[in-house]
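Note that my numbering has the sequence shown beginning at 1, numbered continuously upward.
I should point out that these hints are in silico values taken from the structure, not numbers from a laboratory. Treat the hints with care, as some may be off.
List of simulated lysine-lysine pairs, DSS-like, C-alpha gap at most 27 Å [stated by the list, open to error]: (1) Lys136 x Lys3; (2) Lys275 x Lys219; (3) Lys219 x Lys138; (4) Lys219 x Lys262; (5) Lys136 x Lys93; (6) Lys275 x Lys262; (7) Lys251 x Lys202; (8) Lys84 x Lys3; (9) Lys262 x Lys136; (10) Lys187 x Lys84; (11) Lys84 x Lys202; (12) Lys275 x Lys187; (13) Lys273 x Lys262; (14) Lys251 x Lys273; (15) Lys138 x Lys202; (16) Lys132 x Lys202.
Here are the in silico distance ranges between beta carbons for each label pair [stated by the list, open to error]: (17) Asp157 x Ala133: 16 to 22 Å; (18) Ile121 x Thr184: 21 to 27 Å; (19) Ala112 x Lys202: 52 to 58 Å.
Positions of the beta carbon are idealized from the N, C-alpha and C atoms, including for glycine.
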Amino acid sequence: MAKYCPQCNAELPDDALFCTACGAPVGDGGAGPQGGSDGSDGGDYDYGDGGNNNKRQLYILLGVVGVLAVLVAAVWGYSVYSEKREARLAREKFVRDSIESVRRDSLASVQAAERRRQDSIRWERGRIDRIKAAYKAKIRGCDNIGLGYFLYDISGDGIPELWIQVGQASFEMHLEAYIYEDETLRKIYDIGAARHMFYAGKNYVLTVVGLWGGEEWYKLTYDGNEITDELIYTGDYQELINGEWVEKEVKEPTEPEIDYIKATNLAPIDRMKIK
Numbered sequence: 001m002a003k004y005c006p007q008c009n010a011e012l013p014d015d016a017l018f019c020t021a022c023g024a025p026v027g028d029g030g031a032g033p034q035g036g037s038d039g040s041d042g043g044d045y046d047y048g049d050g051g052n053n054n055k056r057q058l059y060i061l062l063g064v065v066g067v068l069a070v071l072v073a074a075v076w077g078y079s080v081y082s083e084k085r086e087a088r089l090a091r092e093k094f095v096r097d098s099i100e101s102v103r104r105d106s107l108a109s110v111q112a113a114e115r116r117r118q119d120s121i122r123w124e125r126g127r128i129d130r131i132k133a134a135y136k137a138k139i140r141g142c143d144n145i146g147l148g149y150f151l152y153d154i155s156g157d158g159i160p161e162l163w164i165q166v167g168q169a170s171f172e173m174h175l176e177a178y179i180y181e182d183e184t185l186r187k188i189y190d191i192g193a194a195r196h197m198f199y200a201g202k203n204y205v206l207t208v209v210g211l212w213g214g215e216e217w218y219k220l221t222y223d224g225n226e227i228t229d230e231l232i233y234t235g236d237y238q239e240l241i242n243g244e245w246v247e248k249e250v251k252e253p254t255e256p257e258i259d260y261i262k263a264t265n266l267a268p269i270d271r272m273k274i275k
C-alpha cells in the first residue's frame, strides 16, 4: 500500500520518515492518501499535527528560556545597581559626615580660641591690678623709706618698675628696684646712698654721683636679669690753673630728672600706665 504525507498528502516512499515535499515527519501513519482512495474524507482517521506541535513546544521552550534569561539579567542588573547605589550612598554619607566633623571641629577650635583670648584678656586685666597691688604692698611694708619712690620702665616691657630709696640717714640710704615677674616682685637693683639723682633716658636711667670736687655719671641698663651700671663720664668742679683753683663749667644731663614720690602718695601707682 502506498504511503502518503499526513500533512500535504504527497506520495512518499515506504521507508520515508519525513515528507520530501513539506518536511513534516510521517512516522508509520502515512499509509494511504488522506481521505481514502474512494474520495471520502477518511472517516474518523486522525493524521495529527505533530510537526506544528513540535514547533510550538520548541517556541515555548525558547520563550521560557528567554524569559528566564531576561529575569536573570534583570535580577543581576538590579543587584549591581543596588550595590553601586549602596556604595554611592555610603560615599555620600562619608562625605557628609566628614564635612560635618570638620565643621564641628573647626567651630570647636574657633570657640576654644575665643575662650583663650577672653581668658587672656581677663588675665591681663587682672595682672595690671595685681601689679599695682604688689607695688602698694611693697611700699606699705617699708618702714624706712627715705626720699620716696618712683616708677620707670627700664626693662622696656611696657610695665614701669618700682624704684624705692630705702633708709633715713644719708649713710644708710640705698636704692632698690623691683620688677614684677611670675606673679611676684623680684629685686633687680640695689645700690648705695651716693646715687640718689636719676634722669630718665630711653630704656636706661642716668644717675649722677657727687664726689668731693667732682662727679661721676653712670648709665643703668637692664640685661634681662638685673640692672648693670656703666661709668660714662667723670668731671671736676675746679681746675688748677697757675697755682689757683678755678671753677669749671659743670656739665648738665640732657635727660629729664626723675622726681621722687612720697611714700604716702600711692595715687601715681593707680594712674600707672601699662602698655
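_If you test the structure against every hint from before, which numbers come out violated?_
Result: hints 1, 5, 8, 10, 11, 14, 19 break, sorted rising.
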